[in-house]
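If you read the sequences in order, they're chains A and B.
The letter at position 73 of the first sequence is residue 73 when you use our numbering, and the numbering goes up by one with no holes.
Counting the second sequence from 1 gives a position; our numbering is that position plus 99.
No lab work stands behind these hints: they were computed from the structure.
Just so we're clear, the structure is a prediction, and the values are computed from it rather than from any experiment.
From the three backbone atoms N, C-alpha and C, an ideal C-beta is built for every residue, glycine too.
Some hints could be false.
Heads up, incomplete: computed chain B residues facing chain A, CB under 10 angstroms, no partners named [stated by the list, open to error]:
#, residue
1, ALA306
2, SER309
3, ASP440
4, THR470
5, TYR481
6, VAL488
7, GLU501
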Amino acid sequence: MPSISRDEVAHLAKLARLAVTEDELDLFAGQLDVILQSVASVGDIATADIPPTSHAVPLTNVFREDVVRPSLGQQQALSGAPEAEDGRFRVPRILGEEA
Amino acid sequence: MTNDLIHATAAELAAKIHSGEVSSVEVTQAHLDRIAETDGKVNAFLHVDTEGALAQARTVDEAVKAGETVGALAGVPLALKDVMTTEGVPTTVGSKILEGWLPPYDATVTRKLKEAGVVILGKTNMDEFAMGSSTENSAYGPTHNPWDLDRIPGGSGGGSSAALAAYQAPLAIGTDTGGSIRQPGAVTGTVGVKPTYGGVSRYGLVAFSSSLDQAGPCARTVLDAALLHEVIAGYDHMDSTSINAPVPPVVAAAREGLSGDLSGLRIGVVTQFQGEGYQPGVLRSFQAAVSQLKELGAEIADVSCPSFDYALPAYYLIAPSECSSNLARFDAMRYGLRVGDDGTRSTEEVMSLTREAGFGPEVKRRIMIGTYALSSGYYDAYYGSAQKVRTLITQDFAKAFENFDVLISPTTPTTAFKIGERANDPIAMYKADLCTIPANLAGTPAMSVPSGLSDEDGLPVGLQIMAPALQDHRMYRVAAAYEAARGAFGGPSL
């Protein structure tokens with residue numbers, strides 16, 4: 001039986017870039033545990049000899065002719081940006097002070 | 100007059116508009132008035148595009164006056180699920196993270212609707228990122244079922260189905276990842292179709308679970324759904340999973356079905372989808388539908404698909420896994436919400452604060468389940484096993500379709516439940532999708548057609564019809580024949 005601790009949920013939230021609150025950690029730890037236990041039954045019938053299916057329609061790479069088509073202009077692409085500067089997306093600092 | 104216009108089918112409205120008997124502007128205005136009058140109670144719409152709708156209606160009216168040939172549904176109003184991008188018109192996906200976003204492009208479905216002259220009334224409410232079965236997960240408040248305002252309209256496409264049931268629109272678009280078109284259709288007494296995966300382009304459909312997401316038509320009649328299906332379907336080079344094959348002849352099949360003859364058609368009743376956990380009134384309605392299909396000449400027998408019992412757990416691993424990856428794009432950098440950028444915080448901190456503020460609890464739960472299921476050490480036990488179950492389900496369908504032309508079941512185990520009843524119990528909520536999920540995992544088409552009202556609570560019940568891939572027309576034929584035999588079952592009073 002799987003079991004997921006509060007610390008593990010905190011780790012998952014960090015990996016998923018979710019700054020969850022302490023209250024949420026309590027809530028989600030309980031709920032995620034129940035959900036994971038209820039879905040673990042897939043292991044009951046998933047034997048080694050069964051090939052996995054990732055996609056309902058068996059497709060390999062789909063190619064098309066490399067032709068120039070109209071696309072979004074710079075102004076349109078930036079139209080929804082939280083912040084833009086000099087025709088580019090403005091983002092918070094990526095590197096630390098010491099880097 | 101207004102009353103006639105809002106109760107008419109899309110096919111009837113199209114005939115009247117195209118013959119000049121009534122203008123598209125009149126039809127559109129009647130529906131806008133109906134929305135204004137009823138949506139305070141229903142909350143089906145997140146955004147009503149009055150100007151855009153009337154402008155499109157005027158364009159169609161001018162074309163009709165000039166004697167031009169117009170599309171089969173030109174001038175008919177439609178409600179568009181807020182998961183489809185609309186250029187310059189708000190698209191929120193029911194989430195705070197996209198509040199106020201004006202997409203710079205149209206989804207392929209949106210473009211096809213516009214080109215066909217369909218009048219888009221506005222964008223409909225939905226569970227955030229299409230994750231839910233009740234529309235309670237919308238960041239903009241729940242939609243109420245027009246049959247009983249204290250009850251859910253299903254989800255995730257509760258807004259689209261409620262708009263149909265409330266006579267706010269004769270046509271709507273939904274998307275179905277695990278039942279989000281069919282289950283709302285069932286609990287609102289409307290028709291909802293999930294086409295074959297790849298039948299309708301996903302370009303511009305805000306992704307939840309890309310291997311399962313499929314857009315489809317919603318309407319009050321089978322023929323209307325078929326007419327809309329042909330408008331939105333077809334190959335699209337912008338979607339690499341789009342199927343490059345002719346659109347199944349669904350309108351011809353719906354018309355053929357209306358003759359009421361199903362002689363020789365073999366229908367399988369899925370034995371896994373009845374019994375414990377199913378509301379007695381839902382099962383009685385289903386049995387009555389089985390009897391009517393027999394009277395129409397169909398040969399009916401039970402069929403067992405044992406792996407379907409594992410479809411729900413497989414889905415609640417595969418869909419969260421794909422969503423945890425898809426929703427990584429909401430990073431507060433290029434569009435949408437940005438929180439906490441005060442000059443002191445790093446990009447990573449701003450991302451985490453934004454996603455925390457912008458996503459609701461169900462979205463966070465699913466992202467974390469997916470992150471867990473895909474992490475090393477757990478991958479084989481969870482995601483890997485779920486993918487194997489997916490293989491077994493596809494094999495069960497293939498075996499069943501060797502002996503049967505279509506399969507049937509109830510669409511959902513119960514009628515509409517009360518708002519709030521399952522809100523704090525994710526597992527109970529997930530069970531609403533018990534019967535609809537296998538078709539998503541296999542990529543096969545499936546639809547829900549109303550089978551009247553449950554005798555115990557007077558609420559609508561849905562009959563699910565499933566067909567093999569690219570045989571969408573088979574289910575339309577069966578549904579149209581059944582619909583004619585079933586007859587009218589009334590509508591909600593609002």
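Would you pick out the hints that fail for this structure and give their numbers low to high? Violated: hints 1 and 7.
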